[in-house]
Amino acid sequence: NAGVMQNPRHLVRRRGQEARLRCSPMKGHSHVYWYRQLPEEGLKFMVYLQKENIIDESGMPKERFSAEFPKEGPSILRIQQVVRGDSAAYFCASSPMTGELSYEQYFGPGTRLTVT
Amino acid sequence: SQKIEQNSEALNIQEGKTATLTCNYTNYSPAYLQWYRQDPGRGPVFLLLIRENEKEKRKERLKVTFDTTLKQSLFHITASQPADSATYLCALDSWGKFQFGAGTQVVVTP
Chain H
44 NAGVMQNPRH LVRRRGQEAR LRCSPMKGHS HVYWYRQLPE EGLKFMVYLQ
94 KENIIDESGM PKERFSAEFP KEGPSILRIQ QVVRGDSAAY FCASSPMTGE
144 LSYEQYFGPG TRLTVT
Chain U
63 SQKIEQNSEA LNIQEGKTAT LTCNYTNYSP AYLQWYRQDP GRGPVFLLLI
113 RENEKEKRKE RLKVTFDTTL KQSLFHITAS QPADSATYLC ALDSWGKFQF
163 GAGTQVVVTP
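Protein sequences, first through last, are from chains H and U. Sequential numbering from 44 applies to the first sequence in my numbering. Sequential numbering from 63 applies to the second sequence in my numbering.
Accuracy of the hints is not assured; some may be wrong.
[Stated by the list, open to error] Far from chain U, by Cβ distances over 10 Å, these chain H residues were calculated:
| id | residue |
| --- | --- |
| 1 | V47 |
| 2 | K70 |
| 3 | L86 |
| 4 | K87 |
| 5 | S101 |
| 6 | V158 |
[Stated by the list, open to error] What follows is a set of in silico ranges between Cβ atoms, one per label pair, in the way DEER data are often shown:
| id | chain 1 | residue 1 | chain 2 | residue 2 | range |
| --- | --- | --- | --- | --- | --- |
| 7 | H | G71 | U | N89 | 48 to 58 Å |
| 8 | U | P172 | H | I97 | 40 to 50 Å |
| 9 | U | Q134 | H | V126 | 36 to 46 Å |
| 10 | H | D99 | U | E116 | 40 to 50 Å |
[Claimed, not checked] Think about it this way: if two alpha-carbon atoms lie no more than 30 Å apart in a straight line, the pair counts; the simulated DSS-like pairs of lysine-lysine are:
| id | chain 1 | residue 1 | chain 2 | residue 2 |
| --- | --- | --- | --- | --- |
| 11 | U | K121 | U | K133 |
| 12 | H | K87 | H | K114 |
| 13 | U | K159 | H | K105 |
| 14 | U | K159 | H | K70 |
| 15 | U | K79 | U | K159 |
| 16 | U | K117 | H | K87 |
| 17 | U | K133 | H | K70 |
| 18 | H | K87 | U | K119 |
| 19 | U | K65 | H | K87 |
| 20 | H | K87 | U | K133 |
| 21 | H | K105 | H | K87 |
| 22 | U | K65 | U | K117 |
| 23 | U | K79 | H | K70 |
| 24 | H | K94 | H | K114 |
| 25 | U | K119 | H | K70 |
| 26 | U | K121 | H | K70 |
| 27 | U | K133 | H | K94 |
| 28 | U | K159 | H | K114 |
| 29 | H | K70 | H | K114 |
| 30 | H | K94 | U | K117 |
| 31 | H | K105 | U | K119 |
Source of the hints: derived by calculation from the structure; they are not laboratory data. Being a predicted model, the structure only gives us computed values, none of them experimental. Beta carbons: idealized from backbone N, C-alpha and C, even for Gly.
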């Protein structure tokens, strides 16, 4: 059973360009989470999605950032008009379900975004 | 606002000793608390989950306690090994939204 896959692993963008980060959850998992991690800092929750639904996006910046998890295909985190402050590691995690019960999250290897 | 605090100073410990990490939280009433391990350049890996009505949970050389009165969880690594060197994160689950602490780095020397 393949784990959570993220691509690309490394992404370099110039200021003003768009960054698209992809995440394929583990087979059978319908819940996806995106986190951002800066050096020496903890994981910051960004957004929680189920298939075709955004459940909680309270951690997403109001502008330039968007996320989707379509019925078919991977989850996408899109950052438009990137700025240097967007440089970070972005992790995706998936979970079989959540809500009343808590389930562990399975993390991908992350995408390291560098904005030049 | 909700806060999760872990000791930011690295914990240096000799092989064979017990490492004890602390996770304190405020303005939270979590039903569950989880611990993860993160190695440099990698995503976190789930270790243990403890529920609010559980005082203690064990898994091999790992032990977690959860005191909802003190709003604190302790994470113990017994008989530590150099391979246990990593950063350990605690996470609180609030109906699907996870908040992570900044983590504590553990360095086990032979």
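Violated constraints from the hint list, given by number and in increasing order: 1, 3, 4, 5, 7, 10, 15, 17, 23, 27, 30 and 31
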